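If you want the building blocks of each chain, they are given just below.
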Amino acid sequence: MLKKVLAVLMSATFVLGVAGCGSSKTSDEKTTETENTGDSTKDTLTIAYTTDPEGFDPQRTAAISTLEVTSNIYDTLITCDADWNIIPDLAKDWTISDDGKEITFNLNEGVLFHNGREMTADDVKYSFERLQDAESPKAKMYANIIGIDVIDPYTIKFTTEKLDVDLLDSFAYPWTAIVPEEAADNLKTEPVGTGAYKFVQWTPQESITLVRNDDYFGEKANIENVQYKLIPDMTSQLAALMVGDVDITEVTADQIDVLNNTDGVKGFSKPQNSIQILALNQENEYLSNEKVRQAIAMAIDKDEIINTVVWGNGTKIGSHLPVSSPYYVDTTDVMPYNVEKAKALLAEAGYPDGITLSLKLPKTYQTHVDTGTIIADQLSKIGVKCNIEIIEWATWMSDVYTDHKYDMTVVAHSGRLDPYNFLSRYKSTSGDYISLLSGDVDDLLDEAVQEQDEAKRKEIYAEIQKILAEEVPCVYIQSLSKFYGLNDKVENFEIYPIDMLNLKAVSFS
Amino acid sequence: MQNYIIKRIWSALVVIFVVSFITYFVLMLIPGDAAQLILGTDASPDKLAELRNAMGLDRPWIVQYLEWLGGLLRLDFGKSYLYSTSVLGLIIDRLPVTASVAVLSILIAMVVSILLGTVSAIKRNTAIDYFSRSVMQIGSAIPTFWIGMLFIIFFGLKLKWFPISDYSPLSDGLFVHLRSLAMPCTVLAIGETGMMLRSIRTSMIDTLDQDYMDMARVKGLKNKTIYFKYAIRSAMIAPINVIGMQFAKLMGGTVVVESVFSLPGLGRLLLIAVEQRDVVLLQGIVMFITAVVVFTSLVVDLIVMLLNPKIRIRTRGE
Amino acid sequence: MKKSMNKSRKKWNVSLAIGTVLILAVVIVCIVSFIYMPHDPIEMNTTLNFLRPGANESYILGTDNFGRDILSRIMMGSRTVLLVGVVSTAFGAVIGIILGGFAAMSKNIVSSIIMRFVDGMMAFPGILLAMMLVLVVGRGEKGSIVAIAMFIVPTFARLVYSMVLDTESMLFVKAAKSYGITKRRLFKKHYIPLMATRLITQFSSSIAHAIMVETSLSFLGLGIQAPNASWGLMLNESRKYFLTYPYLAVAPGIAIVFTVLGFNLFGDGLNELLENGKGGKR
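Chains as they are written, first to last, in my numbering: chain A, 27 to 535; chain B, 337 to 654; chain C, 189 to 470.
Derived from the structure by calculation, the hints contain no laboratory data.
Some clues are possibly wrong.
Only pairs whose alpha carbons sit at most 25 Å apart, straight line, appear in this in silico DMTMM-like list of lysine to aspartate or glutamate [what the hints assert, rightly or not]:
(1) A:411 / C:231
(2) A:188 / A:155
(3) A:188 / A:379
(4) B:496 / A:330
(5) A:484 / A:466
(6) A:389 / C:329
(7) A:369 / C:231
(8) A:369 / A:330
(9) B:343 / B:550
(10) B:494 / A:283
(11) B:585 / B:429
(12) A:214 / B:386
(13) A:166 / B:386
(14) A:407 / C:354
Keep in mind the model is a prediction, meaning the values are calculated, not measured.
Could you put together the complete structure from these sequences and hints?
Set out below in structure tokens:
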């Protein structure tokens, strides 16, 4: 009996409480931060995100979403601005030897890690060795560095084995962050860097909190607190933006207009250093035949994809470089959209009755899933039947990327400053999930990385792009844009050609 | 009765053991590899083999199972791959959220079901009866996230009555806590009420039909007394089973609601573990939830037994 | 005086009626879908995407983000729903009945083991089990069917087990046994007819449950895959456009509600019929 009474009482209280709260329209949220009442002393930037990062260790992750966060906690020797220019960061200047195989950085002095210790060249050496060790996903990229010499506490010299004209670029990526040795074992959950923001807390699947580093060596961040909020559902994210719960969130292209027409929020859309491709596995018996690949390429109407999936906010491409790259050449007319020709090619290849292929799509990227769905429809018109499998990112990484167990897949490649990094996988010996097995670009790639004359280099890359466009190891669909929804008061928000989010520059109006 | 209790507890333990076996076995079958997950993109085959060896993944699975079971008994659920922290810790962190959601939803559903169920039973086969029954039937047929999204857009966005993505723990204050849970719990309650209503109504009808009810009326007791003092008490016995079941179901079934309302609960943790193939985490959560379910049904059974004089006397055969 | 005796005559009741109607409606839509659909459900017409219902007479319920006709997709979806719902429940039921029956009639240690196992399976909340199984078996139609069948099994096993035990204690069974009737004959001739109506009721409710779980699985991305049209998948796809094109969620949502409702009501109605038929409470 007591139980019953208690239950009734509790429920009554609850019902009354809810009703009471509901009718009093409180506009300010509870607890720590977020004021959404147009108060100019807003001190917290709230960003919505959908998947937890893989921890905060820059040399143990390859996930873009993770790097975007770590790029604020750590610094690198150099970085780049929104226009692809290299600018100094932890290094104040540098010199490259004449033969291009040595680069010496002069570091800023008085840079402090978040634990109070000063950063010196020893830390740089430690960090790069860590980057090269077996557990680092990006180790391969830095295998060319064979010597790291500490000249004095603020000078460090890197020596490479082979000439790589893009060597400098490789020091700007977020995974080359400088970390302190004493904290290295726990960087995944307790990152310590030199960055403009200090790590405060990570509550898995809930939030990540950063606070401004007031001892930052450079220009201090404008906003004191940064709070990442996990909101798994896209519509909830948008709704949260609209009521002021978050200030920044990723959105889809169709929502840009809606946002611009809504009070209190605005849309942000900009082409990204990223390309979307339909990767074809040349180890598949059908796809090893160049004619089949070309048939597929011609059966795909890139315009339709761009219009339907990103509402026209993308640019068609024909080869593996994004439009914003300084080395980009337009190869879109090498394999134009032509269904009849595609059918003919397929028949010529020996498959007039069509073939069946599997198409694996990464669930976490709606753009690729949508694109893949349309491609399947387009290919069905020339007799290529696609069996779609939508898989998780982890599965994609293991099945497609590592084991090469796939026929076709749609994915994006992004965040590389130099074309060699984009294109090196096409070497027939690369063993990568995509490459050009015919070997036609192998020599060119080797030449390009050693060619110090920029004009000549551009020519070589142009040649490479044309070959890729003709032999279509992949079908190159579009150069992507990134879309964000922002609170009206957010200023100086930018996107960069590498995987980073520069929060220290952001401010509230 | 002593005997029965012991038997029941023993039975529960056996079930938990079976569950652990099923869990481990099923998850062992999952294609895909934890070592790969940790090493990520550029993992080479020999590095993978090395890591597998270090993690003990290449031992016969019965050995791994026993080791895991041993760990469970010490309350060590292992370390999550994704988050590099104790699985049990992660679970405990999230438990209050899911528990709050489950409890609150059940409460709401109970209140509504008791009221409507009683009224329906009393005014059997009248318009009210049919109305409430059909509304609740429809309610339990509606996909949870659909209603959830509608709530978010209507109550959250348009009316701004409830927060969309903020979860406030109890420590922030009772009202605030309840407010942040109002929408998800109501959504869940709508689904729950269907079953509960049916059960309460049936049970209520049965009770009201009993002879002693007529006695009460003959004695001249007021309707209110009859209903509240006598009817509900005995009518609640059978539904308690249902309520217990629902609660248990909710403990594992809040995934959808948690996804839609961004609640950091067990359900979402489970989903992430599934998506990312964090097998250790997955095993831990499944084990935990099912253990809770088994425990809850044990408790419910015992309560029912205590409340119901009939069963106390009767001995149950297995 | 027991009031319930008064309504023992009815052979039909509202729940049963509505339930049957709804179920028939879905079945009819499904059958029709094999004969005629306004458009090809997977054909895309990207220039005609996001048509609102009623905007274009060729697309009565509008089109989705790829320009696919919603009505045709709903019709195609009815096939999946019935397939997954009915087949998985049927599998689960058959396995469950066999297990439960066997366990009830064996009464030895094997029976105990089986029932413990069933209890174990029953302890898993449905979604949990389904998620785990999908991981193992793989997603898509096959995976969903297996996963859902698996968690239907314990319900039927338990039901049959307790019903058989109950029936066994009845006099006429004891009598039959004394004549030396074989176990199989006992099962077939006596138990099953008695249990039939209860089983059908449970079957109906389980189908409803199965459909709800399929919806959740599709929502979580673990169920039927694109470009097949399952209602759960359609609801999932409508999520990202909820704010801008909410109508996308309406048709599949209503379809699911009606179908689940139909099976639930049917089961309920049947149940009521049973209760009344027996003239009182059980």
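Item checked: Violated hints, by number in ascending order, as checked against the structure -> Per hint list: 3, 4, 9, 14 violated.
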